[in-house]
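Take these sequences, add in the hints, and give me the full structure.
Protein chains in written order, with the numbering used here: chain A, 1 to 311; chain B, 1 to 528; chain C, 1 to 373.
Calculated from the structure, these hints are not laboratory results. Treat the hints with care, since some could be wrong.
What the hints assert, rightly or not - Which stretches of chain B does chain A cover? Using the computed rule of at least three CB atoms under 8 Å from a CB of chain A, they are:
no., segment
1, 77-83
2, 99-113
3, 117-125
What the hints assert, rightly or not - Negatives, chain C to chain A, calculated, CB over 10 Å:
no., residue
4, Q16
5, L37
6, I55
7, D67
8, I118
9, L236
The beta carbon of each residue, even a glycine, is placed where N, CA and C say it ideally should be.
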Amino acid sequence: MSSVLDVVLSSAFLAAVLRIATPYLLAAFGGLVAERAGISNIALDGQMLSAACTGALVAGYSGSVALGAVSGVAMATLLGLLLAALRLELGADAIIAGIGLNLLASGGTAYAVYSLLDDKGGTTGLKSGSLPTVTLPGIENIPVVGDVLSGQNMVTWLAFLAAPFVAWLFFRTRFGFHLRAVGEMPDAAASVGIAVRRVQYTGLALSGALAGLAGVFLSMGYVSFFVRDMTAGRGFIALAAVFLGGLRPWGVFLAALGFGAAEALAVQLGTLDVPPQLVSTIPYVMTLVALALYAWRRKRRGRAVPAAASL
Amino acid sequence: MMNEPWGKDGPAVAARQVTKTYANGVRAVRAVDLEVPPGEIRAVVGENGAGKSTLMKLFYGLEQPSAGEILVGGRPRVLRGPASAIALGVGMVHQNLMLVPSFTVAQNVVLGVEPGRRGMVDPKTAVETTARLAEESGLVVDPKARVDEVSVGMRQRTEILKALHRRARVLILDEPTAVLTPQETEDLFAAVRRLRDGGMTVLFISHKLREVREISDKVSVMRAGSLVGTVATADATERSLASMMVGRDMSLDVDRTPARPTETTLRVRSLRYDAPTGQSLHGLDFDVAAGEIVGVAGIEGNGQSELAEILAGLRRPTTGTVHVGGTDTAGLDVAGHRRAGIGYVPEDRLHNGAALDASIADNLVVDRHDRPPLARRGILHPGAVRAHADRLIDQYAIRTPDPSVPVRALSGGNMQKVIVARELSAGPRLLIASQVTRGVDIGAMRFMYERLVAARDTGAAVLLISADLTELLALSDRLLVLKDGRLVARFDDTSGLTEKRVGLYMLGVEEHDHDDLTAGLENLGETP
Amino acid sequence: MTTTPMTAIEIEDRSQYRATRRRDFAVDLSMALATILAALAIGFLVMLATGNDPIRAYEAMLTGPLDRSFRVGRWLEDATTLTLLGLSVAIPFRARQISLGAESQVYAGALAAATVAIFLPLPPVVAVIVPMAAAAAAGAGMGLIPGSMKARLGANEIVATLMLNAIVVRVYDYLVNGPLKEPGSSAVHSESIQQDSVLTPLSDVFGIPLGRANIGLGVMLLTAVALWLLITRTPLGYRIRMTGANPDFAAYGGIRVPRVIEWSFVIGGAVAGLAGAHLVQGVYGRLEPGLAGSLAFEGIVVALLARNNPLVVVVAGFFYSYLRAGGDIMEQQTDVGTEIVVVIQAVIVLLVTAQALPNLLKRRMARRQVGVR
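See the structure below:
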């Protein structure tokens, strides 16, 4: 047991938590923005996957990591807009359309990689590079904190800045007010002349972009290539974090960070003599239990679901 | 927040030969000519579906006319949406209030035109602005309170402040008093008059002819999408307006013989309910006998909904007993309550009175789908369900081509007939009828009244809960008044009772003492 | 009566109403066909854009599965599993419960069927039925967890089922790699099931080689009919439909909504469990890693395509499997990636969920009929 404690308290472990939590945080904030805009974005996973694939391919062929990252995020943003268009213009059910987009992303990325590289597995044969790491000057000299923070990918920094950003956006800006009003009471927003659709499109574009950043991190930060279905359901876990976090920015932040920590722990425990498959169920079991406890607590308090929990 | 210029003179708002045909082919407004000069309170009355609301939506830019033109400030305008109407100084207070529940009053007032620079919102200015507007207009609100935690009246005042904040010069009020207490209605009318005296043009949509007579300068009557006429309020009587609305003399008096109550059917003793949200009930004692209609008066939100849902089994009382025909309903689920002979017409038919996307046939069997003649040995027979529906459609004059039509396609009155047909055809011992005529046309209203009296005469105990005092006084054999979750009055004889007198009890100005309230009740104090 | 303007549907008489219904049905049907054609057209363009020969590819895809009898068998075998999985989500969907848990249920079913069929000696016939019953029970149990969480606590069923999927898939993987792995075998799979537990292959029934297709097909068809009867002809089916249409109405009418929700999950879970039994007893004869592939998720698509009508789910399942089988043949013959089929499927889902399209058409036709310009 002491070995477990040693592991958990090591700065390498904390650094791993930050790294592993990065895609969860970004995707969860993407999910949060969409949920608050009144359209559930169940396509987070597909948006991440498309961004990861586009990023690696564009970076690989153009030789520019920056261009790759931008293209990846742009692709996910487009998918966010597509989801909004299906919902708003064609009256599609957001959940079903989301399932369709996930399917499209899964099939489309695999087809693209196979067509371009004649490889069923991924883009390991293509040199695409990684996004740069950021080290604040002087930070490495601080004990523990220095080890944890220095050398983290720039996207990780962005992921942690996303929480205050989203909180600020929601509660301080005019756009955030409109977004929350639209998600909670679209008729009320429309009746005061807020362009409901435009707000929802913008929200879903932002949602896609955040998920896209998460995806780009996977193929250009976490590793430096795209692997078929490499999101491994992270988009769905992020969606779980949105609900566990009670649709509030800091709640979602804690939930997503919790998932990151649990997964990092599973990876570390896997080095001990425990079957890795069973260890890797830990975050999911925790979510299931947390979901039940959260629901039970809410039920006992007799409170309604906050905002537009349309699910 | 610059308003677009108005013409120097001419009407504040007008419609010229305006027609609106919806995509589904329904022509809601037909060639309407209407002019409202500045500084007038104009009432627009008509039955449900007469086109009043559609006409207002045209003025507010929520709908666009299929033909004709809308004038605001003396000039023809194209209103592409509420934003362009707002810019022209038109404000609207909707029947279903358009507020964001989790926002504060101030946030709702400024929503869409928030103070602040560079895309930011300045919460302090929002509160100050709201407080100032409230002060000036005499519409009292708490700017920092969350909207989902304030009274309906304050929500409505918030709506009006919203319009004022946008410098509205025309204010459309769509059935504003439906949700208000008499006192709040008085206050609203006072505020509206003050606004009018300051030059505001007010369009006042209503069903309630008495209020129309009280508040308006002129009345325009609509029928079947057309404008039937406009008269000065001083020259109109309720009877003459009603006859214009329906095109014939229509009396709302109900023919009913004196009740012949027999044995006690519903016995409620020391009923207490601690509500997690909403109104709690504090020790109710009353009886309803077979063969009588007992009305429950009260300003909405004083415990009527909670009482109805407890009696129907949808909520459990905290303490106290309820007996229906000798059955103690404690511990019974909803189905058990129904087996005990309780029928319930819920107050909000769209919420739980019907499954809108399910067929009429399916809607008619929710309480009896698992027993003969519809189901035998675990098999539900679609033919029997259909025959059952055909019979009720015929008996209750539900206008529909087929029982398989989804309830959503029906008008309000027809939908309510489906619900009433289901509840009455179960042959209830006790019928709880909550807001039975809300949002239905006069024809359907009359139909409901006749059916309630008929149910009474065949021996049902009827508990009639309504926000409409006229309706209660016309139908009730006895009347109870609820205030803050307590019974405050009991009238065993309703003849000669006036709305004004009942209003005093509803407002808590007067109260019957405990002995009067419980006189003649048996088994009092059988529970603590 | 009053002269209140009536909504369109009130003015029509009964025969007119029936005509409208027939016309709406025709529109629905042609929309379904148009959707498929549009999706195939998009696939055509994608292949063209990626430098492939779409005509050859489609030829292989669309005629391939009927080419030889064993390919027909491959199609039927796939359709059996897929349709069962489609049926399994159609039931909770009917109660408007978005259960995405077919994956956990099919693996639980496969584990249960395999455990019984490998280790429990049973007489013939019973040896077929008991593992299937065990699979149904295991699937039902996996349905009950998210079902109860939703019904009793109000926990979001999408999240709960997704989490349960993740857990069960990993546990399954662990068991196949560990305790249940065939001793002494280098490849990862379980021991084979006892011969008496095998679902009779259709090749034996019809005397032509039909691959791994088996009498599970019949089980699937019976299940579909049974579920259709359940939904349309039983009180429980009525309760499921009303709960889906408006749970507040159902509760007001005396229906115990939480119990109905649980039942919808349990029934769906049992059917998904049967799909697991079919994979073990009919297709593979043992447990293999990832034996359900992406079928569980595609079952959702099939249910959606069929608007959750059990009989239509069968049609949609056969259609969808045909595309899957054709895609594999296409990849072998033309070098076009089979993933294009997934893209086509995705486009179909997106078009099907675009509700506004057929409604727009219906409304336009209705307007023409009423004679409004």
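Violations among the numbered hints: none
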